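The two chains are supplied separately, each in an independent frame; assemble them into the complex guided by the hints.
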Amino acid sequence: MKALRWTLVALAVFGVLGLAQAKLKVGFIYVGPIGDYGWTHAHNEGRLIAEKTLGIETVYVESVPEGEVETYIDLLVRQGCRVIFTTSFGFMDGTLAAAKRYPNVIFAHCSGFKRAPNMMSYMADFYQVYYLNGLMAGALTKTGKIGYVGAFPIPEVKRHINAFTLGVRAVNPRATVHVRWIYEWYSPPAAKEATEALIAEGCDVFAFTEDSPTVITVAAAKGLLSFGHYSPMYDFAPDYVVSGQLVHWDKIYVEFLKGVLEGKYTTKNLAHIDYWWLLSQEAVELGAKPGMVINPKHEAALKAVKVKTPDLGEISVYDLVYARLAQMGAPGVSFDPFQGPVKDRKGLLRVPEGFWLSYDALITMEWAVEGVVGPWPGEP
Amino acid sequence: MDWQTWLIGIVGRALAYGTPLLWATLGEVYAERAGVVNLGIEGMMAMGALMAFATAQTTGDPWLGLLAALAVGGVLALLHAFLTVTLRANQYVSGLSLTLLGLGLSGLLGRGWEGIALRAPLPNVTIPGLASIPLLGPMLFQDESILTYLGLLLALVLWIVLWRTRWGIVIRAVGEAPGAADAVGINVALVRYLCVVLGGLLAGVAGGYLSVVYRPAWTEGMSAGMGWVVIALTIFASWDPLQAVGGALLFGALYHLSFRLQQWVAPELLKLMPYAFAIVVLAFVGLGKAQRRRGAPAALGLPYVRGER
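Sequences listed follow chains V and D, in order.
Going by my numbering, the first sequence opens with residue 1, and the numbers climb by one from there.
Going by my numbering, the second sequence opens with residue 381, and the numbers climb by one from there.
Isolated chain D, as found in the complex (with noise of 0.2 Å):
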């Protein structure tokens, strides 16, 4: 097998597993950025999932299960930021309760949903014309999905949004000095609110492509873990948009990888492969800390409370 095919299977692949990753991760690195960290994403993704089957499967059309994993997701995270906005509840409690929440209760919603194909998943695309330029169509322009593409977009946005616009500026500093950001006359629990429900509307996109783009079918517990990867791709990303992108890609990549090379390697070492990357690039996020862009934002985790900071 020649390395233009390789290259082309392995690009393929990272962008097919990545995608998930990066819808949750580009809303995680909103929600931190403001400051509120999400450890929900598990079960924000696992109702995503169910809501989308269910609702593609009863209605059959795929774009409006999506929709629906949108909204599951969105009123999960809206609870998030009720709890640890408005409450003040610790961050990392939510969090936590809510994945509990979300696999257990998708769970039992998801009674009786296992065990059927999916009549109307979403079909994947390939762009007429620019699939046929050698090597680079077949990579990125052939039978991938419009989700794919769309979080690419997105992330493109969000970066411009957080790096170039006042709304980035208002963030930003909601998650660096809530204290000073409400000086000067920001609404520090309504940023925070947008930006926990941006993050959950995009977790659940990203549960809702599992079982409509990337496997049309449920089971429960289908998230399987990859909200936890999410939580380290934000830190691996430094809570950036478009380096979300390349962390998407590289553990899809390394996943892909990991079952690719069994032939030649032991598959327990390939197994460990995509964590040991990400514990070693963390090592290096945190020798690089001196740039400013690369730390977390100061205020993550920390409740606002007017007049005590």
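Okay, chain V solo, but in the shape it has when bound (with noise of 0.2 Å):
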């Protein structure tokens, strides 16, 4: 009888770690805290729809400094995760060596460029929808001045404000957009301090890549007019958000994480695998919040506003922005905010007349397009 019941135990707890293993165990590495509402708080609502949609098993580690991704990428296989995300670029290089210690696991970087045969690369970019947004600044500005808070002078900060910029510029020809850098991700008293220094040199218009609203809720109790940032941000100021740019890293996770459940990805074929995921993807979103594309507090002002196009003819800005957003949004992409001409501030034409820009040109860009003013530092 004793017998029976150590069989009957032992039975037991066989079946549940046969279940466990069964089920993919996935982990996530994150840069800041999730409670940020801005990049790591998207990437964890992504973790959360792909745990739901697949059934599978996360685990994740937040605010993890640059320098010691590997030591808990350690612990995390050790806790059995066969996947690991690591979502910042300052995780690059610790994941790459990571994923030569561990061939047997598979690695995927959020946006950086190294890959491995265990390790593949992925970002959703915004610089599409920073344009879009940058013709609704262009259009609402009253001083033609437009403020803007960014991170770290880095490729793909400096990308964001150049399209934004382009955007501006494409109907408002005389606007300049301001830049201040806080040289963080995450400061709220740093981007409370940019703003109040841009609103003195009379901006009137904000957009920024800090992973608060900080800068948001600065611009409303002034009365100013911004764009949300990565989470939606409208209800913080529901008067004074336009629009904004949105993520949804869980297209990206559910469709990586099916492709490896199916057997499609592996530990061996990944050192091509690079997910630049855009508008005509769905992994990223124009709006002040999901599903509003533009404010309705501010349709009439950019229905008021009229622009004329090389493409659409004269067009209201309210136009402008949908046709544009069809035209990047559907495959078989037909605009690009790159497409030349475009020439740098320093007057150098970078995107000839009928070009677009690479990839490789895109995720390394130094310059800065006409229209931005303030410190540039990298500037080629």
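Simulated from the structure, these hints should not be mistaken for lab results.
Check the hints yourself; a few may be wrong.
[To be verified] As a list, the in silico DSS-like pairs of lysine-lysine whose alpha-carbon atoms are at most 30 Å apart: (1) V:K100 / V:K25; (2) V:K268 / D:K651; (3) V:K100 / V:K258; (4) V:K114 / V:K100; (5) V:K258 / V:K268; (6) V:K23 / V:K145; (7) V:K145 / D:K651; (8) D:K651 / V:K222; (9) V:K258 / V:K114.
Bear in mind the structure is a predicted one, so any value in this text is a computation, not a measurement.
Here is the structure:
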């Protein structure tokens, strides 16, 4: 009798272990806290959706300093993770080193460019969405000065500011975009003081790259307009948030993990897998909050401003935003913010007429387009 | 842009950014004057920010939020006092643990509070009459937080108490020579408890200011290192409440200028400016040690055990 009982217990234990092994365990390493309501918050939302959709098990570590990513990868591998996502540019080299150390684990690194047979790279990029927001900003500014609070002067942020500025100048060729750097991904006090400095300079519309809604609340307190970034920030200032960039990391997470579950992606074939997902893959969305492309409060103002375009003739900015959104959102993209001719602010022709920028040129962009005002560290 | 607009802008921002620094520094000055270093300020500010936000959002009253921040700062400081005064634990270790605890706990409890705009922020005030004085009006009396004025008032009161009353003598005696204070019948433990808890109360309000006034929203880690600036400012201010006003405002002004001047000066250099300036001033403070008042309290950081010293 006793023996039977032990056998049952053993069977139960093995059964549970067997199930646990059958379930894919996926680890996420975040650079910030999941409560930042920005970058890390968005990745975590994606993780939760992937978990629910695919029935996988996930674990995460938050606020990991960039130099310590390997330690946490070790930890997650010991816990049995077979797939590990690392979600900061600064995690790239640590992830690559770990990929060599753990050839049987699949790694996926966000926002970088290095890969290995068991390490892919992925990014949901906003430059098209920034351009669309720029169109609106250019139409809505009264002072002709638009403020931009930037995190770090790296190619990703510079690309976004450039795309935004190209949008602004497409409808308002005399407007300028004034940039302040805060050298933090997440710092509400720095974002607040940078916004105050831009307000003091006469800026009246704001966009930003920082992982909190600070710029929006500061601008709204002075009655000034802004565009949300990363998470739906409409609720912070329903009268003043015009539109913004929204991300859907879940699209990438579900797609890639489905591939892993189906055996399409293995530890041997990832060296050339790079997800560079934009509007047409629905990894990013234009809007003040999901489903609200343009805040209805500002529709009339955008319909009132008419511009001449080479391809669409005279058109209101409101219609132009939707037209460009359609051109970039459908498969077979027929418009790009960086289509030539594009000059940098020193007068050099960077994209000749009739050309688009290559992926490599986009992700290594250091120059500033015409209309950007302010410091630009690393400007060629 | 003329110099008046510049001056108004800089002083205005210095007051706004300097206010939480001032509140927390005043508290740290008192704790350290009584001989207890509190490195837990950052954690107390983080908890204060969360409690203030959650309470103000739930009740719709920002003052209740600030009261909650005050309370949670006080409770954490009480823990610090218990560990360092009663149990005589290492003050630095205890303080660092409280910072980690406060940051971690506020992150954990704060889940779900992020991404919400505070429905009842504490509005800024403009003082009628005074605000129309040329230059000084817009600089000091327009669009300021009540907490800024309360902070300045508090600094004056705490200065008078510290330097002009018997209580001040008692506090300083406990920080300079706890043995001698004990010998004349002063309850060293009680004085230290009170000063540390006062420090926590004020640090809590400083955190509350961040989430209810400065940027009325909650996000994890929103104290963003201010607690460490406070530790430096305490030394910078030579453990003096009125000098803390100068230190907090100066730091606020430099912080703001590090964004204002980016058009002309490399942003990397500006980013360093407030901190580089702090080092320079600390060096001067070190040179001026001859003046008795400027030095650190002699028993700072040392637990007091009757009969051992």
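Checked hints:
1. V:K100 / V:K25: It holds: about 20 Å lies between the C-alpha atoms, which stays within 30 Å.
2. V:K268 / D:K651: Status violated; Cα separation ~45 Å.
3. V:K100 / V:K258: 24 Å, holds
4. V:K114 / V:K100: 12 Å, holds
5. V:K258 / V:K268: The hint holds at about 17 Å.
6. V:K23 / V:K145: 54 Å, violated
7. V:K145 / D:K651: 24 Å, holds
8. D:K651 / V:K222: 26 Å, holds
9. V:K258 / V:K114: 22 Å, holds
Hints 2, 6 from the earlier list are contradicted by this structure; the remaining hints agree with it.
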